Amino acid sequence: MSSEPHIFFSDVNERQGSFLRRTFLLGGGMALGTTALVARLAQLQIVKSEEYATLATNNQFNFRLVPPPRGLIKDRNGVVIAGNRPSFRVLVVRDETKDLDQTLDLLGQLLPDTLERRRTIIREVNAAPRFSPVPVKSDLSWEEFSKVNLHAAELPGVMADMNEARYYPFGGAYAHVIGYVAKVSDRDVKAIRDKGEQPPSILFNPGFRIGRQGIEKALDTDLRGVAGGKRVEVDARGRVVAEDAAGSRAAVQGSEVLLTLDNDVQNRALEVFGEESGSCVVMDVRNGDILAMVSSPSFDPNLFVSGVPSKVYRALADYERRPLLDKALGGTFAPGSTFKPIVGLAAMKRGWDPNRRVVCNGSFFLGRRFACLGRHGALDLRGAIKASCNVYFMTIATEFGPDAIAETARDMGFGQTFDIGLPGQKAGLVPDREWRRRNPVRGDGKWYPGETPSYGIGQGALNVNALQLAVYTARIANGQKSVTPRLIKSVGGVEQTAGTAFADLPYDPALLKVLRDGMEAVTDVGGTGFRNSQLGLGAVRMAGKTGTAQAQNYGAGSRKGAGRPWAQKDHNLFIAYAPTDNPRYAVSVIVQHGGLGGGTAGAPRAREVMKVALLKDPEIRARIEQAGFEAPEDAGAREAEARGEPVDALPTDIAAPPPEPTQ
Amino acid sequence: MTASALTRPGERDRISSKLAELDWRVIGLLCVLAGIGTAMLYSIAGGSWSPWAWKHLVRFCVLLVAMIGLAMVHPKWWFHAAYPLYGLLLFMVLLIEFTPMGYVAGGAKNWLNLGFIRIQPAEFVKIGLVLALARWYHGHTAQDARWSWKLIFPLGMIGVPFLLVAKQPDLGSAMVIGLTGAAVMFMAGLSWRVIAAAAAAAVAVIPPFVMFVMHDYQRNRVLTFLNPEADPSGAGYNIIQSKIALGSGGLLGKGYGLGSQSQLEFLPERHTDFIFSTVSEEFGFLGSFTVLACYLALILISLRIAALSHSHFGRISAAGMTAFLALFVLINGAMVMGLAPVVGVPMPLLSYGGSTMMTVMIGFGLILSTHVHRYVELPKGQGLF
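So the protein sequences, as listed, match chains A and B. Note that the first sequence covers residues 730 to 1392 in our numbering. Note that the second sequence covers residues 260 to 644 in our numbering.
Errors might be hidden in some of the hints.
Said to hold, decoys possible - Take a look, some chain A residues computed to stay more than 10 Å from chain B by CB distance:
| no. | residue |
| --- | --- |
| 1 | Arg793 |
| 2 | Arg848 |
| 3 | Arg1043 |
| 4 | Leu1158 |
| 5 | Lys1218 |
Said to hold, decoys possible - Computed spacing ranges between beta-carbons, pair by pair:
| no. | chain 1 | residue 1 | chain 2 | residue 2 | range |
| --- | --- | --- | --- | --- | --- |
| 6 | B | His474 | A | Pro885 | 51 to 57 Å |
| 7 | A | Val969 | B | Leu414 | 54 to 60 Å |
| 8 | B | Ser276 | A | Ala971 | 56 to 62 Å |
| 9 | B | Phe375 | A | Pro841 | 51 to 57 Å |
| 10 | A | Pro929 | B | Pro527 | 55 to 61 Å |
| 11 | A | Leu754 | B | Lys426 | 29 to 35 Å |
| 12 | B | Ser275 | A | Arg750 | 34 to 40 Å |
| 13 | B | His474 | A | Ser870 | 54 to 60 Å |
| 14 | B | Lys314 | A | Arg847 | 45 to 51 Å |
No lab work stands behind these hints, which were simulated from the structure alone. None of these values were measured; they are calculated from a predicted model. For each residue, glycine too, the CB sits at the ideal point set by N, CA and C.
Required output: the full structure, derived from the provided sequences and hints.
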């Protein structure tokens, strides 16, 4: 190195001067940049502070919905017929499991049946939103529940908890009236959206159930209640860190619904059907309260609450006796001979003298021969009802025509649905000339006289359901008022009075008395329903009318259908009211393919159900007990035995005395 | 000319007198910032020294001693070491790229596994670059620095590590390397016309670069920064959560240890890149303003140290290191406030992470050394270029 300076002074000056200027600029730039950051901080932290504070709170706190307990459904006496019970269940949170497959393998060792539904479970778990628990099995036994809890440490993302599940303590007895609840489906959500409403968020809660059928569906919003909320502090992964009691509100249970049904009558009504298919409705003739409404065979609605296995569902859906169909409201049948009093009433209204006699020699001719069940000889209206004579009613039907019959049929409750708060009612069909014009047969809209005789005995296009039959019976029994049925007694303590102010029937009560006289004769000695209509309650007697409806045309001479397959047998109907002297209750029974003669299949069932209804009525019970009448025996059976006739073989549970009323 | 440490006549090259010459304001500010960092890491861990706060504090203390040690090192050693150090670091970056010693973490291959230790050479390359550039400018005239063909050398020194690091791909580090180099060239006296031309070229080149050259995740980050709300649960999540943390802090903050965004882990990377958001959430505008003021003070003091140096090497290296530190602060600040894309640049001394802290402390060692030896004049032209 030389001692010469390496850098010239001017050069130093120039480099240094430039550097200092540039450094000054850079320092200024840094200060400017920092000022810009401070300005941004001021904007975020002072100007927009509140906005971001809200966002932070939204992050920090979550509002978890708590499903409300569903409102109870009770019978008229306060017996719970749809309630809630605690249920242990297992839930899986996908994002907390290490490996869903492995977790399900382990879970399958504890709960083997989850293996069967594995594919469904995986689909449901994967479809759920993040960190939202998906129930994989409900209704665990205590042993299963404790097993899952014991292995909780090895099963991350699996938890067991307790919730409330809908429970129907009487199983199938109310399956069609109350219906059932089920998981909320996409279709439910879509239905709400289609109505232009926003589905409440509680619908998406995994434990929530929606009313799917019957009362559960019709009064779903009342029964649902108000969801509670739990304000919880969560971390970024959605895990609950703490609970904020002050910010939480309790769930409000849904409204309690009281039905007019009577639990004892309802259960008995289902019981008497055994394996038979059919329906039964019991009505109070004074106020229209429905005491029982059953459809048989029934099914256990509890199966549907946690999701019915498809195998079970298929079995129910495929069974030819159609347990899933509500035959009381949704099944229509030709009323057969139970319709005959209507024809008589229609004739009397137009001046027919009920005492005028018509001679029955076994046949009625109008273009062709119509057979009668026997040769009844000369009969007045009462006698014709008692003997259920076809010739008599064909004669007056032909005389007054289909429009007169249709008018009376509608007055008595046919061809219409009733506002009882249940969907799925079928109006049936009351044919007349106008109807034929609108529904021509092969282009021919003319009502031919040859159709009228069948109409007169309740056959042909005529179609009614069991509720309509009960209403019709109640109106005859009431004798004055146009009674309409009521099923929902009160909702949330508010009495449902809609339709309880009845209009007068447009018929002279004296005419209805004639019909009642005829129906009393039916259950008296020599009547078509005598043998099986004896209540055995002394002076408290039952009046009724038998009916058989052709399920199909068998051809002349062979109507009984005995020995034929079940599906080809006649429908068997019976309508009744009691007590005869001061009518209180009306019953209608339809036994699908029950065979010929309402007296055989329909009447004994109506009798058993009626007995329970009467014995539960405190006034009537007092009357029976006052008469010192005890241990009622089947008077009809004794009478029949005395005459050497075989007593109808009935299911033993029908012949058994009614269960002791609980009141 | 003799190589005395303190070349003011009559003073001796003694450690004690050198220690007395240390700028204690710088050391004080470093301690304050590292202290805040430790406190925040303690808070984020839910009031616990582990896993971050304890290590952070220990690292800082060790590095503080090392920094003071480096401040005692005579600039001639820095000067001599400049090119070899730069070469060595570049070699390490090449090792990552072309040998199995490269180690992938967080989507980028930017760790070097030396068997006993894993380091991120990209961090240290910045120091080597600043030293190498300072040495080059020390030996060249103002005219060379303004505009001449010789600028190929500094451009190459910046360009090679920039491209290598960008290829890893570590966009944040590459950006800091490029911008630090640009700042050095600027301060060394690059012609304004060239600066204007380069700026114009950059504006023309950046959009096609973003669209065609960047990796998908990098492009997402850039596009997300422009509109974070478009993808709130994905790429925009970090920015949105950071802004919520900042904004909800308000003027005075939620209180130490009470920041819901950071405590409940809504804020991602809250112990590294987004630690400034935690400070802002828990201590509000006053807290974050204080931190930024500390950084600005450090930057201005360091620039003054650079300006006071008697050697061009000292000036350029100290100013380069300052620019490097300032870039970290400004980029990270802009990033957490939603003003810049999320590029993975930590906040020096606050963020948890050994490599960055080491780089920063070595940088301050160099700055303090420049201050202690501000009267030393280095000879020109010893070296390769």
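Against the range 29 to 35 Å, how does the distance between the Cβ atoms of A/Leu754 and B/Lys426 compare: consistent or not? holds (32 Å)
Holds or violated: 34 to 40 Å for the Cβ distance of B/Ser275 and A/Arg750? Between B/Ser275 and A/Arg750, where Cβ atoms are some 37 Å apart, the hint holds.
Non-interface claim for A/Arg793, where every Cβ of chain B lies beyond 10 Å: holds (16 Å)
The output says A/Arg848 does not contact chain B. Does that hold with a beta carbon cutoff of 10 Å? holds (29 Å)
Given the hint of 51 to 57 Å, check if B/His474 and A/Pro885 actually sit that far apart at their C-beta atoms. violated (34 Å)
Quick check on a hinted range of 45 to 51 Å for B/Lys314 and A/Arg847, using CB atoms only. holds (46 Å)
Look at the Cβ atoms of B/Phe375 and A/Pro841 and judge whether their distance stays inside 51 to 57 Å. For B/Phe375 and A/Pro841 the Cβ distance comes to about 53 Å; the hint holds.
Run the C-beta distances from A/Lys1218 to all of chain B and say if the shortest one exceeds 10 Å. holds (51 Å)
Would you check whether the claim that A/Leu1158 is not at the interface survives, using Cβ distances to chain B and the 10 Å cut-off? Consistent with the label, A/Leu1158 stays out of reach of chain B, its closest Cβ about 59 Å off (over 10 Å).
With respect to the beta-carbon atoms only, verify the hint that B/Ser276 and A/Ala971 lie 56 to 62 Å apart. Between B/Ser276 and A/Ala971, where Cβ atoms are some 59 Å apart, the hint holds.
Interface-negative label, A/Arg1043 against chain B, beta-carbon threshold 10 Å: About 42 Å separates A/Arg1043 from the closest Cβ of chain B, which puts it past 10 Å; holds.
Does the hinted range 54 to 60 Å hold for A/Val969 and B/Leu414 at CB? holds (57 Å)
Consistency with the previously given hints fails for numbers 6 and 10, ordered from lowest to highest.
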